[in-house]
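> The whole structure should be built from the sequences, with the hints applied where relevant.
There are 2 protein chains.
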Amino acid sequence: MSDFTPPVSDFRFLIHNVIGLDTVADLPAFSETSPDLVDAILEEAGKFASSVLAPINRTGDQEGARLLEDGTVRTASGWKEAYAQFCEGGWQGISAPEAEGGMGLPILLGAAVAEMWQASNMAFALCPMLTAGAIEALGAHGSEDQRVLYLSRMISGEWTGTMNLTEPQAGSDLSKVRSMAVPTGDGTYKITGQKIFITYGDHDMTENIVHLVLARTPDAPAGVKGISLFIVPKFIVSDSGEIGARNDVTCVSLEHKLGIHASPTAVLSFGDQGGATGYLIGEEGKGLAYMFTMMNNARLAVGQQGVAISERAYQQALEYARNRKQGRDPQTGDDAPIIIHGDVQRMLMRMRSSTEAARALSLYAAAQLDLAHHLEDDKARANAQARADLLIPLVKAWSTDLGVDNASLGVQVHGGMGFIEETGAAQHLRDARIAPIYEGTNGIQALDFIGRKVTRDKAGALGALIADMRATIADVTNGDAKQAAGTLSNALDELGKSTAIVIERCSADDRMMQVLATPYARQAALCISGWLMLRAMSVASQNGVSDSFQAAKLKSCQFFFDQLLPEATFMATQIKNCTSIELHETQPLF
Amino acid sequence: MSDFTPPVSDFRFLIHNVIGLDTVADLPAFSETSPDLVDAILEEAGKFASSVLAPINRTGDQEGARLLEDGTVRTASGWKEAYAQFCEGGWQGISAPEAEGGMGLPILLGAAVAEMWQASNMAFALCPMLTAGAIEALGAHGSEDQRVLYLSRMISGEWTGTMNLTEPQAGSDLSKVRSMAVPTGDGTYKITGQKIFITYGDHDMTENIVHLVLARTPDAPAGVKGISLFIVPKFIVSDSGEIGARNDVTCVSLEHKLGIHASPTAVLSFGDQGGATGYLIGEEGKGLAYMFTMMNNARLAVGQQGVAISERAYQQALEYARNRKQGRDPQTGDDAPIIIHGDVQRMLMRMRSSTEAARALSLYAAAQLDLAHHLEDDKARANAQARADLLIPLVKAWSTDLGVDNASLGVQVHGGMGFIEETGAAQHLRDARIAPIYEGTNGIQALDFIGRKVTRDKAGALGALIADMRATIADVTNGDAKQAAGTLSNALDELGKSTAIVIERCSADDRMMQVLATPYARQAALCISGWLMLRAMSVASQNGVSDSFQAAKLKSCQFFFDQLLPEATFMATQIKNCTSIELHETQPLF
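Residue numbers (this note's numbering), protein chains in the order written: chain A, 46 to 635; chain B, 46 to 635.
Certain hints may be false.
As the list makes no split between identical chains, a pair holds if one copy fits it or if it spans any two.
[Unchecked claim] Only pairs whose alpha carbons sit at most 30 Å apart, straight line, appear in this in silico DSBU-like list of lysine-lysine:
1. 370 <-> 331
2. 370 <-> 424
3. 542 <-> 125
4. 221 <-> 370
5. 542 <-> 527
6. 542 <-> 235
7. 621 <-> 527
8. 542 <-> 621
9. 331 <-> 92
10. 424 <-> 542
11. 270 <-> 92
12. 125 <-> 621
13. 424 <-> 503
14. 270 <-> 370
15. 527 <-> 125
16. 370 <-> 235
17. 92 <-> 542
18. 621 <-> 235
19. 270 <-> 235
20. 600 <-> 370
21. 221 <-> 621
Simulated from the structure, these hints should not be mistaken for lab results.
Written out as structure tokens, the structure is:
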């Protein structure tokens, strides 16, 4: 088992010095978010993550969640107690409005805290992550009664929430949802159908679970416009909030998964006894649109899982490399830890540098969401929203791909011990592997980026961002950062060329868009996070941070520009070659 | 569960048309290796792999190998029967000399066949793979008596072999081996010590197991020169070959691993009852040198595991992508399989193209081993050996890295189903993850390449290979291949520059060598397999192969040059940047 050391100093550095807490804290909504408060929350969350969640990560993996004979799910040992402490701390409501019982803190801070939950125990953290999604959907579209009855109890963590979207035939393509919702005449609906891949679809940590369910009303049009969103509580709740009879929804099985064993992934059956009682959220036919309102936060949260697992895998690999003796020190001839080897250092630096870059990108995107919600000026708010929309598919896809790569490198650093489950390094790889898949596969993220976010927008939002990046480059004056600024400037030239190809070739050619999506999104992610690394480098070469933090940060940044950013050129070549070769233009590859 | 279709047509194409069977079959040793015989063996092996080994791959993973209370190991259901059939086919001895009961066929053909064993069932195929290593070590260094007593029974498969190298403190650094071998005066030794990570260290498929064990004799010098190699049979064998008493070696536990569950990875304890009887192979103090004689074949075999798992993962992903309907055909509006999406095709092409390139490289390296063993001219033999030595660390490192990447892509193509163990896609990733680690980590392979194979040799063997590659480029005349030849030529220019940096900077700087090793080895692997893809392209654009094979091969090659080979430029940039930045020259990164 490995310890988890919360990367609080990097969060503080990024929030205060790179992202600029002031831009967020100056928002009227966050007038009470002082730098001291931010630091105190980070410390407190770090403590909870390392002392409560991290110690049960490995045992949870071994034990897993189990479906009992009575059809209920038992979580792994320690889960229920940890969840109770999580609620006591008020953590579920960190970014929820104070008026509804939340802490009312910026999404920026909530994101930093969430990364620590995910790093310490991804299987546990999925429960609050899904509840947060349900809170957001219900908060935006629920009636006053629904808010009173469900929302406050979800924000407090008293009840958890689930998202019931997927069915066996309806995964990436939700237009194929078949679950039915038939009005009963008393304002409620009878829900029937089967939903799969329902995270924490059942568990024993709370008295009730609030399922949000996509289903089709009778006579609804085919496709996405016929889908509505319903509240289906596990136990019926009376108007006064008392828990009543069991609703007609049962967990029929749990999936046997590669990783996140302690997170119960349920098959839920609705209406085996005639129909589960469901309550319509908002209007009929708008279910999918409502889901979209929570998509940015959910994708950001999954992206952070990639950052988190990278951080955890890095810490464990670093610890092992410092302690495992094998071979000799060339100077002294003494037994030496494997970290002295340049190749081991390269692996560790890949992990560290990419993790820090992806963290910077995710926190920057989170800050854009705060600005998009709370800036006073309409135009400025729209711009921030456009920037968040642009960045979030990159956060999701790039960070989760990195999560897999870094967890795999973590195994490699361990040598043979990495393949042995007791070591715990392999668990990170198994856990990490789901993140590129769920909440929209990374292929879908890349398509969202190249299509909705760049091509349809004629690169407006991207162009504005690149202008900001160019301004940073022009502002950099000190030595090492100056050289990095030049490297980034060249990378932006190439991104400009790729973007021109994309705009020209993809606007009327969906197939070309699909082929270019993945390398283009990766090229953009590398450049934009390079920008944030340049800002970090620029600040860190000045001062105001501890010497050891400064030295480490400068090495991470330098490594990024020397060793990682050049992948953007590789991606640019892939893009160029796709369009220059006749074969690819005219013929599918299969 | 997924079916396995043996890629016999690609083997045939590569062996006959690209590697050139004639260069191997013309060797006097292989005068009977006719093209028809080669095809017949490939067909037969393919049948066995797909009908006997593939069907128990998934069940073996679920069931695993188990250590029983009596200290013996029970293999998974079907294992014993499959192994018996494997022996009946004579497959263990495919490349062993006919004089010792083998088939006496080229390593080239043995390698193709071995890839099919690994692709159909990696956990099973590890047993013959380890036995082959033991056969080679014993064949090269065993006494006449030892050959009679053990070797023939191992070649027939009647007994299996193991390699006992690793101890808890002695992994990559075998100089730290502590197991002891004390002479008893009757020519035998008493062996004591604990060995870990012993593949098929115990099992129930054969009556006896021949353990080859590294141990230290009393008064032996410290370090690698004090280590000797011993035969320690599980059951003592009389001079007439009768199986006698149980030797003092016991399996004390099996590792709980990420993958290859059906391959028992044993902790073996030698000498709990006073000492296991061991028989010295060759001379004292030469144990590690003897191990080195089998290293090329063993590393080639592990490299092939990477190719194999890539092939298997590709086939399964392709099948899924062709059948999983999600979304609509943009032309017809009908439900469409996900393979219509450009991004899915990109993932599948990455898998297919890299698999074919890595296969070509591994078979080419295998052919060099045949030439190195059997060419008549001393100089030509030495040149072939130098080329094999040069290529094999690349085969091992690059192919096994690809194995992990491709298995991971295979999971991704499956979407959510890929994360569910029942699908079987995740097993490939779990199985693949060991190959970059064992038989010398990929970091060690890269160091071997950059150090022993390039720098020490002042790029002599590499230079000769590059000259051959340039000659191919000059010979290419037809259209598409001509363009690819130009691309490869540029890549070779860059490889030349990287090599110049390596020779100049690494000859006297071990640390720099360690830092450059991984990107340099990868750059070289991409270029050299690119050469084989160019040869494949050149042949395939002519004729003599079926139209559908030809079309698919041309697409694979085209994709390699457009989308995969450009990674070599990325690696070249990493190398250049390592040496140009002051920080990296003078300071360790940690």
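> Let me make sure I understand: some of the numbered hints might not hold for this structure. Which ones are they, in numerical order?
The structure conflicts with hints 2, 3, 6, 9, 11, 12, 15, 17, 18 and 21, although it agrees with all the remaining ones.
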